[in-house]
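Visitor: Chain by chain, the residues:
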Amino acid sequence: MKLEAPYTMAQTPQGMEGPGFFATTLDQAIGLARKNSLWPLPFATSCCGIEFMATMGAHYDLARFGSERLSFSPRQADLLMVMGTIAKKMGPVLRQVYEQMAEPKWVLSVGACASSGGIFDTYSVLQGIDRIIPVDVYVPGCPPRPEQIIDGVLRIQDLVQNESSRRRNSPEYKAMLAEYGME
Amino acid sequence: MEQALRDKIVQQISDVQKDAILMAEMNRDFFTLLVKKDSLHGVVRILKDNPDFGFSFLTTLCGLHYPEQKDELGIMMQLHNLEKNLRIRIKSFFPKNQATLPTFTDIYKSANWMERETFDFFGIQFSGHPNLKRILNVEDMIIHPLLKEYPLEDQVRLDKNDTMFGR
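Residue numbers (the numbering used here), protein chains in the order written: chain A, 37 to 219; chain B, 125 to 291.
Just chain A, with the same shape it has in the complex (with noise of 0.2 angstroms):
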């Protein structure tokens, strides 16, 4: 049976090929080697980390970019994946959960809950885990299929790949940590 499209490994970056060796700058190297190797910390609480579950089982399986190993201590993990709606009394926790997150760290932030309180527009309800932790990519939806969610996942590693190894560094980085009072 002939393969419609040529299989290809992880997408290169840009560099220089010849035969036994290819060159590229250590920044895309390092996003290569990061953006495919992703451990996610699920913090689900509802019914998104049920779709979440559906997302790392085999019919989905989010395995196949990289992510099979899920860590459950935030120290070993690189993507934190917000699932659910977040009370304002779990709000310090989750915040805790991303101080001890090692850099660099990436969130996800699944579902209308996570994202803005949802339909969950109430005194005891977070509106949205922004308010306390920096979000990189919103995943839409109530609950979002899996394929959204994996899709979420996708735009984290093109955040990984891109990012440049001085990032965390910067004053702009720096300024957007302060506004949520980490350093």
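It is worth saying that the hints were derived from the structure and are not from the lab.
Using 30 angstroms as the maximum straight-line C-alpha spacing, the simulated BS3-like pairs for lysine-lysine come out as follows:
| hint | chain 1 | residue 1 | chain 2 | residue 2 |
| --- | --- | --- | --- | --- |
| 1 | B | K272 | A | K125 |
| 2 | B | K160 | B | K215 |
| 3 | A | K124 | B | K233 |
| 4 | B | K220 | A | K124 |
| 5 | B | K257 | A | K125 |
| 6 | B | K233 | A | K125 |
| 7 | B | K233 | B | K160 |
| 8 | B | K161 | B | K215 |
Okay, the calculated beta carbon distance ranges per label pair:
| hint | chain 1 | residue 1 | chain 2 | residue 2 | range |
| --- | --- | --- | --- | --- | --- |
| 9 | A | I86 | B | E207 | 38 to 44 angstroms |
| 10 | B | F181 | A | P170 | 45 to 51 angstroms |
| 11 | A | S109 | B | P254 | 36 to 42 angstroms |
| 12 | B | K194 | A | I86 | 48 to 54 angstroms |
| 13 | A | I86 | B | A128 | 51 to 57 angstroms |
| 14 | A | I155 | B | W237 | 24 to 30 angstroms |
| 15 | A | T158 | B | R169 | 35 to 41 angstroms |
| 16 | A | C178 | B | F181 | 38 to 44 angstroms |
| 17 | A | M218 | B | N209 | 52 to 58 angstroms |
| 18 | B | F181 | A | K210 | 56 to 62 angstroms |
| 19 | A | I86 | B | R169 | 45 to 51 angstroms |
| 20 | A | G93 | B | V280 | 32 to 38 angstroms |
| 21 | B | F181 | A | E139 | 51 to 57 angstroms |
| 22 | B | Q135 | A | C178 | 56 to 62 angstroms |
Selected chain A positions facing chain B (Cβ under 8 angstroms, derived; list incomplete):
| hint | residue |
| --- | --- |
| 23 | K124 |
| 24 | K125 |
| 25 | G153 |
| 26 | D157 |
| 27 | T158 |
| 28 | Y159 |
| 29 | S160 |
| 30 | V161 |
| 31 | Q163 |
All residues carry an ideal CB built from backbone N, CA and C; glycine is no exception.
Starting from the structure of chain A, add chain B where the hints point.
Guide: Okay, now just chain B, sitting in the frame of chain A:
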């Protein structure tokens, strides 16, 4: 609950505390007492300790708020006699500036968390409670959110434009 026992409850309480019961009625199949606030603690004590009644289990205790009433705040308790499977409901109302009751934790240990919840959501104080602080809401909350003067919705949302929702 049989008529005889209902009469006996009302009689026994009236013997000890005259005028304590403002109203006693069957609310569908649930015997309900409306009790004066100052007598509430004594009434609950009788219902538990008197062997004829034996309401040994506190099913629930919660606050009530009817802003249109003169005595706008209230509490509601449901007691259960587990041996005979009898239940009774007790209500009491009081004005907002007198929202302090004696604690029921000396009668039912389980009243501890229920009173904390009632304080948390309605601001009703229970004097003598061992640890009266918020239980469900965040500790730095400044309102008692189930009082009707506070809107249900969080006031920080920017995406809810009233003109679009016809409000």
